[in-house]
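Chains as they are written, first to last, in my numbering: chain A, 1 to 295; chain B, 1 to 295; chain C, 1 to 295.
Hints may contain errors.
Because identical chains cannot be distinguished in the list, a pair is counted as satisfied if it fits within a single copy or across any two copies.
No farther apart than 25 Å at their CA atoms in a straight line, the calculated lysine to any residue pairs in the SDA-like style are these [what the hints assert, rightly or not]:
#1 Lys-218 to Pro-54
#2 Lys-218 to Asn-130
#3 Lys-123 to Thr-169
#4 Lys-123 to Asp-192
#5 Lys-162 to Glu-179
#6 Lys-95 to Trp-56
#7 Lys-162 to Met-216
#8 Lys-95 to Leu-244
#9 Lys-162 to Arg-268
#10 Lys-123 to Pro-270
#11 Lys-174 to Asn-75
#12 Lys-123 to Gly-247
#13 Lys-95 to Asn-208
#14 Lys-123 to Gly-217
#15 Lys-195 to Asn-229
#16 Lys-218 to Gly-207
#17 Lys-218 to Ile-108
#18 Lys-174 to Met-102
#19 Lys-193 to Thr-43
#20 Lys-123 to Gly-215
#21 Lys-123 to Asp-94
#22 Lys-162 to Lys-195
These aren't lab readings, by the way, just hints derived from the structure by calculation.
These figures come from a predicted structure and were not determined experimentally.
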Amino acid sequence: MDNGGKNTLELCTLRSEPDQCGRRARRMGKKLIYNKYRYIGYTDGSRSTLLPQPEWMGVLGPQLQAVVGDTIKVNFLNKSDRPLSMHPHGMLYDKDNEGANMDGAGAIVQPNESFTYTWVVDKDAGPGPNDPSSIVWLYHSHVMAEEEINLGLIGTLVVTRKGMERSETDPAPKDVDQEFTSLFMIFNEEKDKEKGLKHSINGRIFGNLTGYETGMGKHVRWHLVALGNEVDNHTVHWHGQTVLDHGRRTDVVEVLPASMTSVTMVPRSPGEWLLHCHVNDHMMAGMSTRWHVWP
Amino acid sequence: MDNGGKNTLELCTLRSEPDQCGRRARRMGKKLIYNKYRYIGYTDGSRSTLLPQPEWMGVLGPQLQAVVGDTIKVNFLNKSDRPLSMHPHGMLYDKDNEGANMDGAGAIVQPNESFTYTWVVDKDAGPGPNDPSSIVWLYHSHVMAEEEINLGLIGTLVVTRKGMERSETDPAPKDVDQEFTSLFMIFNEEKDKEKGLKHSINGRIFGNLTGYETGMGKHVRWHLVALGNEVDNHTVHWHGQTVLDHGRRTDVVEVLPASMTSVTMVPRSPGEWLLHCHVNDHMMAGMSTRWHVWP
Amino acid sequence: MDNGGKNTLELCTLRSEPDQCGRRARRMGKKLIYNKYRYIGYTDGSRSTLLPQPEWMGVLGPQLQAVVGDTIKVNFLNKSDRPLSMHPHGMLYDKDNEGANMDGAGAIVQPNESFTYTWVVDKDAGPGPNDPSSIVWLYHSHVMAEEEINLGLIGTLVVTRKGMERSETDPAPKDVDQEFTSLFMIFNEEKDKEKGLKHSINGRIFGNLTGYETGMGKHVRWHLVALGNEVDNHTVHWHGQTVLDHGRRTDVVEVLPASMTSVTMVPRSPGEWLLHCHVNDHMMAGMSTRWHVWP
């Protein structure tokens, strides 16, 4: 289960600085700040250099990128105040590396302890025959999963089909210019009270998510994921452009909790456009942002 | 962005006559009537001849039909008492023709004013490689979108793959005999009160939608759309026949708010059949109608 | 509509023994038992030998298996205390054999009466071009459908593509080693009270469903179905393995009420794994079980 550590990521988790997740842009003069927990990534074990974290990632943890045939090793150091884990979707792992269900060595990582997860990116972790050249998988903490997901302990893995990687050192797919990831999820910040339900994209609400910027004619992959509970049925809608979703042409893609799907767009109209959930009450509650297509 | 006005529609909107949307068939002796707003279509700018509106369209606005390569021009005259717009899904438009978000010339059309929208039906507005020969897109008002959608300001655009149109003057696809459209949506008529939630197909409830009539062996395209809020997860079910849904054989198709999908049926059993949402509480609340397959 | 009774099943229904559906594993010392109704199958009209009912089927009625071209005949004897029927999805039937809507001879079978349903498995009941070699259809009672579904009167039909059956006497598909079926549904046992909502897989909750056992490298088909109401949006998630879902690689499959979809898995990691709904509140409410991949 080792490829010589080709794709090795050093991750540590810590209680984050107060985050903008709960800030309601319209409520001027009074800021509501909710503390979130986040996965923070470093380039190596010295934990001195942060992994690049594009603005549009919001509260998401680092996006791990691999090619079918790789092995991912993540050294996870829990700098928070509670037991946590990392449980990946899609990867090949044994019980020690499942990071879930109080079963196996990696199921519970206590505060200030660390564990190195080994996840094999086998062919069953890669794109299916009708998938595009790269697909997305969620990872999240899974000690008390529903609580930890709501705290913000969520990230994604992107797997490129073998032969479609740009080069031996760059696992991104060569047939697209840019890859964006969007998490549609209602964070529950005040124990189920309506006013504490934060309808977010990557943890940001009411247009506070920035950085989705691309240009005319680019090939753009959108990796769409969702999490949450019974009301987290979301319909991702882009204004101005359409996407190809497994051979279906649309501008609305349906996701439910833990859905993971990847679609492709070639922007054909420049401007500042909306990206929002098309469920009426979600859109009104802030599940919306602006994104840009430069001429 | 002009094809010489080949597909030009003159549309005006007006506050409609009282509509049957809220009539509960079982509540004899007492009719509950809710006023809806509707898009009304005319054959030309004289606004003297109404576009054909088959009975099964219910409260839906006119169905615009185009072929990839066409340009759609809609002269929209707002005869209602509030600012409105027309925002199309899927089409290629610039900001002036987006009809949304208070941005651009067509974003807000005041009462008794008009605006001509130009929408280009480019290849990214047409069927994808796994789509059938025609696909459906929604259009709706988008000044205060959630309110106006609930008022009934909803219609559809159908786009036929280039080369699959019947003739230069008939954009309908030549491999199907009939095209039906069904909107699954819960209209909210009494400010969220349970009794005001009208679980409708094309704005009609408890079997009040009529006109879905076809024959044995016909090739029938069903264009399915939905709108609404968090409870508008619908499962469209036909009795007696099955459909082909992007290569999947089924008799239940899932839609969420703003889903747009097109499936094909060849009726193989004659009779009067139910078409209904298979969500138990929606079915009981009236989201059901009868349709006919003649021998 | 007869193939000489090749696939003829004798089914009778009776009020079942108290069932485990409502037993909450954690609530020790106090068992909550809810009575369910079930379809019970016999090998022939003598009703002496029960059809095999693997443990993992839980409260599901017998799984009927056929090949495109077959005719299914079911002699249904209602041994319960209320009028019932059998309504199949997908099959070719006339009004007498629809088993629904108070219309036709088989629409209502009174207590202690019987009716023989004839359902033709035509090509439109079989897998579509993008479906795997076998697909699943629901059947359920449809006199007062929503009540009877909640009572447990639910079963499945599996149809194999012509030419993919193992032999003339074994309709199971030859390209898979095992077929499992999973119904995701919230049974409503105490008139909508939260505590009576039993979030179940095949009618079992909190790990009480047993019998999903397979081995490394087997070809396993999972037939996934759902039923219920507006909150029955479920996301079926397997730990440890992935599935191929109409060419899409994933480990989470979305279902809504009456969804029917079939996916294929080749287990690649041994162990005891979770199968659960990934909707947070459903998972916490017991919609989860363990399954095994033997080395």
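Right, here's what the structure says about each hint:
Taking identical chains as interchangeable, the C-alpha atoms of Lys-218 and Pro-54 lie at most 25 Å apart only when both belong to the same chain, with a minimum of 18 Å there against 42 Å between chains. For the homomeric pair Lys-218 and Asn-130, the shortest alpha-carbon distances inside one copy (22 Å) and between copies (22 Å) are both at most 25 Å. Taking CA atoms no more than 25 Å apart as the test, Lys-123 paired with Thr-169 passes inside one copy only; the shortest distance there is 19 Å, against 35 Å between copies. Taking identical chains as interchangeable, the C-alpha atoms of Lys-123 and Asp-192 are never at most 25 Å apart, the minima being 40 Å within one chain and 45 Å between chains.
Proximity of Lys-162 to Glu-179 under the C-alpha cut-off of 25 Å is restricted to the intra-copy arrangement: shortest distance 17 Å within a copy versus 30 Å between copies. In the homo-oligomer, the alpha carbons of Lys-95 and Trp-56 lie at most 25 Å apart only across protomers (23 Å), although the nearest pairing inside one protomer, at 33 Å, exceeds that limit. Taking the closest pair of Cα atoms, Lys-162 and Met-216 come within 25 Å of each other only across two copies (24 Å); inside a single copy the shortest separation is 28 Å, beyond that limit. Within a single copy, Lys-95 and Leu-244 get their C-alpha atoms only as close as 37 Å, which misses the 25 Å cut-off; across copies the closest is 22 Å, which meets it.
Only between protomers do Lys-162 and Arg-268 lie at most 25 Å apart by alpha-carbon distance; the minimum there is 19 Å, versus 29 Å within a single protomer. Proximity of Lys-123 to Pro-270 under the C-alpha cut-off of 25 Å is restricted to the inter-copy arrangement: shortest distance 17 Å between copies versus 38 Å within a copy. For the identical chains of this complex, Lys-174 and Asn-75 are neighbours neither inside a copy (28 Å) nor across copies (44 Å), given an alpha-carbon limit of 25 Å. Proximity of Lys-123 and Gly-247 under a CA criterion of 25 Å is satisfied in both settings, with 22 Å inside one chain copy and 13 Å between copies.
Taking identical chains as interchangeable, the C-alpha atoms of Lys-95 and Asn-208 lie at most 25 Å apart only when they sit on different chains, with a minimum of 22 Å there against 39 Å within one chain. For a Cα distance limit of 25 Å, the shortest separation of Lys-123 from Gly-217 across copies, 14 Å, qualifies, whereas the shortest one inside one copy, 31 Å, does not. Taking the closest pair of Cα atoms, Lys-195 and Asn-229 come within 25 Å of each other both inside a single copy (16 Å) and across two copies (17 Å). Taking the closest pair of Cα atoms, Lys-218 and Gly-207 come within 25 Å of each other only inside a single copy of the chain (24 Å); across copies the shortest separation is 48 Å, beyond that limit.
With identical chains, the CA atoms of Lys-218 and Ile-108 are never at most 25 Å apart, being 42 Å at best within one copy and 31 Å at best between copies. For a Cα distance limit of 25 Å, the shortest separation of Lys-174 from Met-102 qualifies neither inside one copy, at 39 Å, nor across copies, at 38 Å. When the C-alpha separation of Lys-193 and Thr-43 is checked against a cutoff of 25 Å, the pair qualifies neither within a copy, at 39 Å, nor between copies, at 51 Å. In this assembly of identical chains, Lys-123 and Gly-215 lie within 25 Å of each other by CA distance solely across copies; the values are 18 Å between and 33 Å within a copy.
Taking the shortest Cα distances, Lys-123 and Asp-94 sit within 25 Å of each other inside one copy (16 Å), while across copies they are farther apart (42 Å). In this assembly of identical chains, the alpha carbons of Lys-162 and Lys-195 never lie at most 25 Å apart, being 46 Å within a copy and 49 Å across copies at closest.
This entry does not satisfy hints 4, 11, 17, 18, 19 and 22, going by the numbered hints stated previously.
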